[in-house]
Amino acid sequence: MDGHRNVVEVIQLQKRYRGLWGRAGVEALKGVSLTIAEGEIFGLLGPNGAGKTTLIKILLGITFADHGRAYLFGQDSQRVELRRLVGYLPEDYQLPEYVRAWKALDFFAKLYGMGERQAQISELLRLSGLEDRRDSKVREYSKGMRQRLALAQALLHKPKLLILDEPTAHLDPIGRKEVKDLLVQLKRDGTTVLISSHVLTEIERICDRVAILHRGQLLKEGTVEELTQEKSLEDVFVELVRGAQE
Amino acid sequence: MNALAFWAIIEESWRESWARRTSIALALIVLGLLLFFAFGVGVREVEGQPGMITISLFGVKLRVETLAGEQSFVIPKADFVQALEMLAVGLLIPWGILFGLFITTGLFSSMLVRGRLYLLLSKPIARWELYLARYTGGVLLVFVTTLLFCVGLSLLLWLKTGIVDVGLIAAGLVVVFIFAVLYSFATLLALLTEGTGVALVATLVMWGLAGLGAWRDSLRALSPTLGSIADVLYYILPKVNDLEAIIMRLIGAGESSISNVLFSLGTSALFAGAMLALGIYIFSRRDY
Numbered sequence: 017m018d019g020h021r022n023v024v025e026v027i028q029l030q031k032r033y034r035g036l037w038g039r040a041g042v043e044a045l046k047g048v049s050l051t052i053a054e055g056e057i058f059g060l061l062g063p064n065g066a067g068k069t070t071l072i073k074i075l076l077g078i079t080f081a082d083h084g085r086a087y088l089f090g091q092d093s094q095r096v097e098l099r100r101l102v103g104y105l106p107e108d109y110q111l112p113e114y115v116r117a118w119k120a121l122d123f124f125a126k127l128y129g130m131g132e133r134q135a136q137i138s139e140l141l142r143l144s145g146l147e148d149r150r151d152s153k154v155r156e157y158s159k160g161m162r163q164r165l166a167l168a169q170a171l172l173h174k175p176k177l178l179i180l181d182e183p184t185a186h187l188d189p190i191g192r193k194e195v196k197d198l199l200v201q202l203k204r205d206g207t208t209v210l211i212s213s214h215v216l217t218e219i220e221r222i223c224d225r226v227a228i229l230h231r232g233q234l235l236k237e238g239t240v241e242e243l244t245q246e247k248s249l250e251d252v253f254v255e256l257v258r259g260a261q262e
Numbered sequence: 002m003n004a005l006a007f008w009a010i011i012e013e014s015w016r017e018s019w020a021r022r023t024s025i026a027l028a029l030i031v032l033g034l035l036l037f038f039a040f041g042v043g044v045r046e047v048e049g050q051p052g053m054i055t056i057s058l059f060g061v062k063l064r065v066e067t068l069a070g071e072q073s074f075v076i077p078k079a080d081f082v083q084a085l086e087m088l089a090v091g092l093l094i095p096w097g098i099l100f101g102l103f104i105t106t107g108l109f110s111s112m113l114v115r116g117r118l119y120l121l122l123s124k125p126i127a128r129w130e131l132y133l134a135r136y137t138g139g140v141l142l143v144f145v146t147t148l149l150f151c152v153g154l155s156l157l158l159w160l161k162t163g164i165v166d167v168g169l170i171a172a173g174l175v176v177v178f179i180f181a182v183l184y185s186f187a188t189l190l191a192l193l194t195e196g197t198g199v200a201l202v203a204t205l206v207m208w209g210l211a212g213l214g215a216w217r218d219s220l221r222a223l224s225p226t227l228g229s230i231a232d233v234l235y236y237i238l239p240k241v242n243d244l245e246a247i248i249m250r251l252i253g254a255g256e257s258s259i260s261n262v263l264f265s266l267g268t269s270a271l272f273a274g275a276m277l278a279l280g281i282y283i284f285s286r287r288d289y
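First to last, the sequence lines map onto chains A and B. Quick note on numbering: my numbering labels position 48 of the first sequence as 64, and the sequence is numbered without any gaps. Quick note on numbering: my numbering labels position 121 of the second sequence as 122, and the sequence is numbered without any gaps.
If we strip away everything but chain B, and leave its shape as in the complex, we get (with noise of 0.2 Å):
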């Protein structure tokens, strides 16, 4: 393995978004979520009410309306680092995993073009290994990108309330994993379209039907037909609804079986891995 090469590739990945500004345009849209939190947030203890905390925007106490008339808002402080991780994992799911598909997938297909893949595979690298590299270079992007946001929002947290909770930087690694996932059959789409619109829309129909495995039961119960499809979809797709399952569980806002884990991540991972298989089977085999 030429590990130098590979190293060049997700380099240049890396560099390749930086210059088309989507990579400046996500990090700017995380840093101005932390910067927001950072100064626009406030938090300040209740006197005589130990762990009950009340919220100011901007300076501006957020208040309620109540029996006994207008209140200051009053929240524990448990409550609040629990709702602001829900709505971190709202936003990175789906609208961080699919900016990340947008960037990444429009990188992938820009290796396929003609002149520039000509230079790439007349040099000492295998085409597996170009594939792998460029693949892990998007992943890798969204990996960094996740992890400040999820970094630096748990440490501004703990800094505003006190509360040390890992529990958003491992949810944040788990969508990691499910944008891996859902990278793999992009990538693969990509490679067989040579571009990006009809990978991207592959990829979103496909993760719509993934998540159609929540809805089994739903589904048996208007047709035994559509039940059979469902389940189908949900053995061969990624488990995405079960994964979301898991991120819930981390932030302590759901509940989420041993086995299911490891169930989940298992398959999804098995799903990924055949898609990557069958990029590089394809790509190792296709005349340019």
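Looking at chain A on its own, in the form it has when it is part of the complex (with noise of 0.2 Å):
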């Protein structure tokens, strides 16, 4: 397989969410155009409304472009069945509240398909700490144990490419220590990670490549070495920012 091929590649993409009645609203993103190389952990930065979870929602067909295109694997990212090959965790998401933790994993199991299951199930527990509690109800799970399970539900079906939209918020920082050893363990499998996070110094931390996004545009996208030469990573976002809204 190439080492070097883009899992992720979208071109000149551009979404306006409409008004009501189809009046114009805002311009979420406005020809972005990105790639991301399979192995890559790739972070994906901006202030609120910057438009990072637009463009995450497009690559999984949960929002469509107005114009351009994405491409997952080479493919057209519409197409269903390469959601077999990608793992999301959505910074609001809602776990079914009313099952036990290890059967509502078993659920979105069976929603990627698999049919040998428990032994993944129990290993994913294992991993996010939740062994102990597997027969508790969702309901009865703190943020950060619910944060760990949404993760282990992204995880299930091994996939190649992992989104994580603020995959550390709820956490407690030993629950954030453990996402980062985590997502340094399934680059070295050779998975691909786009995170789209606030904490600069996570990003910083476990990123190959970082893309600032600022009001729909790209400002700044390059190794974290390219952009760090000089300042911290937090500084030249600040400086980036502040400077397109002069």
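Hints listed in this document are in silico derivations from the structure and should not be mistaken for laboratory results. Careful: at least some of the hints might be erroneous.
On the chain A side, residues computed to face chain B include the following (Cβ under 8 Å) [to be verified]: (1) LEU76; (2) GLY77; (3) PHE89; (4) SER93; (5) ARG99; (6) ARG100; (7) ASP108; (8) VAL115; (9) LYS126; (10) ILE222.
Every residue, glycine too, gets a C-beta built ideally from N, C-alpha and C.
Mind assembling these two chains? They're in different frames, but the hints should get you there.
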């Protein structure tokens, strides 16, 4: 397999959300183009409303682009079958509260079409530190435990591309460290990761390349080393966003 | 098609309904009615009068006042069976359908909650499958409950009277069909409004308007315009009155010609198909 194959490729992606009765609404993406190579951990940065989540939703077929193209593994990202290769942790997720943790994972595993599920579910519950609470109902879980369970559902089918929107939200420092270690491990295993986060230090430490979005435009894209030659990522980010606002 | 995922969505609808206690309430109502009939209603053959029975409620014989004084209430077995079947149908329409719509429309709109939908839409299941699976889950829930009620009651009637009548079971299937048609409209409205309340009210209004078909001649006598409106509604909306007539015929309490049966079932199924197709079309193109 070609190690530099593009797993994600978006070309001149544009998206405007329509207001009531079709009135012009917010322009979420204004011609964004970027690529993510196989095995990379790619960070998507930007203030609230930058268009990060819209970009991710277009890649997953949750939202549709007005113009431009989005490809996953070289194919149109709208293809439903491609989602067998993708794991997704949304920023705002709602797990089924009324089921036991293992049953929730079993449900998601069935959605991925997994025949043999139990071994993988047990393994992920162990990795997430939820093994002892596998029979607890999701509604009895703390925020941090739910976050781990939500991450586990994204990893169930051993995806080749993992898309994480604010994956460390609700996690304590130990949980954050564990997620970071997990991402590094996934990278070693060849998984491509697209991570959207507000926590710049987190991005700086684990990402190979980053893109900074602001009001639907791509302000900067490059390796972490390229962007942080003179300043920290936080300084670069603030400078770029403020510059764009002026 | 991802069959495992399709079935998982159906299963999930049931599990959610169970967790909300609404399907438990429905099951308890059905069980309560069957238990009441099993243990509360007594039937005894009248000696020397074959085919005639007396009825008791919790051991107390029903009596009627006649010119000759108070006497036991005696009724032909077949009439008793038909009366009970009519009572059962009267419970299913409208109350069973109303309760079914209340439970399942809530289930459908809960799928549209954003955080939940993101997790579903990011899985390898097409939107049309997701929509249809959730719809099927609701219909199956009502199907199982209705069948349980109708089969249970038919069995009890057989045990108590010796009369085997599958008319009530067939009637139950038509009740489920009426529900499925109304539910196709309710899911479309739930999709458009992303809520349960408006969808339920609009479905009830549609049901009421569809019922105007039975009054077409009377409305035309009042005013030709009203008659024309009733005609249009009759041909566009599902034929609920005709379907109810079919149910009455199935339990031996009415007449309905074969052409009416096919026309009513066919056009109502077409209506349901159109509502589902429109719902799937909108759902497949909507941004979330």
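Do the numbers back the hint for ARG100(A), that is, is its least Cβ distance to chain B under 8 Å? holds (5 Å)
Hint GLY77(A) vs chain B: min CB-CB distance below 8 Å? It holds, given that the least Cβ distance between GLY77(A) and chain B is near 7 Å, below 8 Å.
The hint names ASP108(A) as touching chain B; please verify it with the least Cβ-Cβ distance against 8 Å. Since the shortest Cβ distance to chain B is 4 Å, the answer is holds.
Hint check: 8 Å Cβ-Cβ cutoff, LEU76(A) to chain B: Where the cut-off is 8 Å and the nearest Cβ of chain B is about 5 Å from LEU76(A), the hint holds.
Holds or violated: is there a CB of chain B closer than 8 Å to the CB of SER93(A)? violated (11 Å)
Hint validation: ILE222(A) versus chain B, beta carbon distance must be below 8 Å. Holds or violated? violated (22 Å)
Is the hint on PHE89(A) kept, meaning its closest Cβ partner in chain B is under 8 Å away? Violated - the Cβ of PHE89(A) stays beyond 8 Å from chain B, reaching only about 13 Å at its closest.
Per-residue hint verdict: VAL115(A), partner chain B, C-beta under 8 Å: Because about 6 Å separates VAL115(A) from the closest Cβ in chain B, which is inside the 8 Å limit, the hint holds.
Minimum Cβ distance from ARG99(A) to chain B below 8 Å? At 4 Å from the nearest chain B Cβ, ARG99(A) passes the 8 Å test, so the hint holds.
Would you settle whether the hint for LYS126(A) is holds or violated, based on the nearest Cβ-Cβ distance to chain B being less than 8 Å? Result: holds, 4 Å to nearest chain B Cβ.
Against the hints set out earlier in the document, violations occur for numbers 3, 4 and 10.
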